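Peer 1: Here's the letter readout for the chains.
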Amino acid sequence: MGASIKKIDIYLPETVLSNDMLSQEFEDLNSEKVEKRTGIRERHVSAENETALDLAERAARNVFEHEDPVSVDFIILCTQSPEYYLPTGACILQDRLGLRNNIGALDISLGCSGFIYGLALAKSLIAANTARRVLLVTSDVMTKHVHPKDRANRTIFGDGASATIIDKSDSEGILHFSLGTDGRGYRNLIVPNGGLRHRYDPDAPDIDDGFGGIRSENHLYMNGPEIFNFTIDAVPKVVADVLEKNKMTMDDLDYVIFHQANKYIVDYLRKKIGIPKEKFYINLLQTGNTVSATIPIGLKYVLEQGIVRSGDVVLVSGFGVGYSWGATVLRI
Amino acid sequence: MQKSEFYDILMETLEIESVDSLNESTVLTDLEEYDSLAVLSLIAMIDEHFGKRIPGTEFQKITTVKSLMDLIGVDFE
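Here the protein sequences come in this chain order: D and G.
Counting along the first sequence from 1, when you hit position 225 you're at 225 in this note's numbering, and nothing is skipped either side.
Position in the second sequence counted from 1, then plus 1000, gives you this note's numbering.
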C-alpha cells in the first residue's frame, strides 16, 4: 500500500503582466533580455481584491471537475499570503468547497519548498490511516508583497495556485523524501514588516536596492546572491541524498522538475548536478516564479504534454524561503 | 589563471557588448550589462571556474574588474 498523486490542476489569475508592459514602467528594462535570462515573458497577477485563498478555491474547483469533493478526508493549504492571522485558511476553504465536517484541515507556511512538504505530510497522513484522500493546495500572491517599484522582483514573481489530489493506492507513488532546513538564512528572503515582530509601518521609507529598484520594509526583500549561493550548496546535496534514499541513480529517473526560481538559476543547477537537458523541466515563460505552485504547474504541464507518462519516475525538488528545501521521487 | 583568460570569461559571463575589452581598471558597475542578474552570473562563474562561494553582501563592494579579482582571491598571472 502507499500514496499516489491522482490528479493535479492549477489556477492562474486572469490579468497578465508582460515584460513589454513592465518596460513601460521601468525605462531601462529590456524585455528580450529579461526573457533570455529569466525565461519569463509574462506572469499572472491577482486582482486587487483577489487573495491566495480565492486562487486556492479556483484551483481546487478545477481539480474536482470530474472528482467528487466529498471524498476528501484532509486539506493541506500551503501559502505565505494568508487571509488572516487567524483563523486558518484551510478551515475557510473546507466551507467554501462544501467538504465534509469530519475531516482535518491545516495550513502550512512555506514557500518554494511547500509542495514537497505538502506531499510528505499527505503521504504520512495516508500511511497512518488518518486519511484516504488528501487535497493539497498551494497558493500564493507574491505580487502583493512586492513593492511596485521593485524592478527585479516584479519581473520574477507571478501569482498562481495548484490543487493536487493524493490517494491511498495499492503501490507506492510517492517514494522517500530528503528534507532540509537552515533558519540562519531567514533574513535573506523576507517580508520584514506586517507580522508581530515588526508591525506594518505606513511611514516606512523607500530603500534603494542599488540596481534601480525600490522597496520598503513592508515589502518583499530578496537577497538574490545569497539565495543563489544557498541553492548552489543545498540542491545538489538534496538531489544526491534523495537518490541515495531511494537507491537510485540519475539513470533511473525519467524526468526532473525543480522549483522554477528563474531560468538562469535552475539551468545552472542542472549543469552543476549533471542532469541531461532532455530530462529537465524549465518553463517560466508565461507564469514566472509562482513560489509553491511552480512544481505542480510543471507536473500538470508534462503530464498533459505526454512528456511524462504513467509509470515514469520523476524527481521533484523545491528550495527557498526559510531556508527550507526538500526533494522526493514520484512514480507516476 | 591568466588575466586575459579571466577577462574573456568575464566578457562571456556578463555578455558584454558595450565595450570591446576589459582590463583591471574597467568599472564593472558602470557597464550597462551590470544588473542584479549579472551578479547571479558572477556567482555561477566563480563557482564553476574557481569552486568558491562569495557571501552575497560582498558583491556590493565590487567596482572595478580588479575589485572582483580581489574578491575571488586567487593569483592571476
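Hints are computed from structural coordinates only; laboratory data are not their basis.
Just so you know, these numbers come straight off a predicted model, no measurement behind them.
Here a beta-carbon is modelled for each residue, glycine too, at the ideal position from N, C-alpha and C.
Watch out, some of these pointers could steer you wrong.
[Unchecked claim] Listed next, with one range per pair, are the computed distances between beta-carbon atoms: (1) G:ASP1070 x D:ASN30: 25 to 35 Å; (2) G:ASP1008 x D:ALA127: 51 to 61 Å; (3) D:MET1 x G:PHE1050: 45 to 55 Å; (4) D:TYR84 x G:ASP1070: 43 to 53 Å; (5) D:LYS33 x G:GLU1077: 46 to 56 Å; (6) D:GLN305 x G:LYS1066: 33 to 43 Å; (7) D:GLN305 x G:GLU1017: 11 to 21 Å; (8) D:SER310 x G:ASP1075: 51 to 61 Å; (9) G:THR1063 x D:SER310: 35 to 45 Å; (10) G:GLU1005 x D:TYR200: 47 to 57 Å; (11) D:THR249 x G:PHE1050: 27 to 37 Å; (12) G:ARG1053 x D:MET1: 35 to 45 Å.
Peer 1: Compare the structure with each hint and give your call.
Peer 2: Going down the list of hints, with the structure as the test:
{"no.": "1", "hint": "G:ASP1070 x D:ASN30: 25 to 35 Å", "verdict": "holds (30 Å)"}
{"no.": "2", "hint": "G:ASP1008 x D:ALA127: 51 to 61 Å", "verdict": "holds (55 Å)"}
{"no.": "3", "hint": "D:MET1 x G:PHE1050: 45 to 55 Å", "verdict": "holds (50 Å)"}
{"no.": "4", "hint": "D:TYR84 x G:ASP1070: 43 to 53 Å", "verdict": "holds (50 Å)"}
{"no.": "5", "hint": "D:LYS33 x G:GLU1077: 46 to 56 Å", "verdict": "violated (33 Å)"}
{"no.": "6", "hint": "D:GLN305 x G:LYS1066: 33 to 43 Å", "verdict": "violated (49 Å)"}
{"no.": "7", "hint": "D:GLN305 x G:GLU1017: 11 to 21 Å", "verdict": "violated (36 Å)"}
{"no.": "8", "hint": "D:SER310 x G:ASP1075: 51 to 61 Å", "verdict": "holds (56 Å)"}
{"no.": "9", "hint": "G:THR1063 x D:SER310: 35 to 45 Å", "verdict": "violated (56 Å)"}
{"no.": "10", "hint": "G:GLU1005 x D:TYR200: 47 to 57 Å", "verdict": "holds (51 Å)"}
{"no.": "11", "hint": "D:THR249 x G:PHE1050: 27 to 37 Å", "verdict": "holds (28 Å)"}
{"no.": "12", "hint": "G:ARG1053 x D:MET1: 35 to 45 Å", "verdict": "holds (43 Å)"}
Hint violations for this structure: numbers 5, 6, 7 and 9, all remaining hints satisfied.
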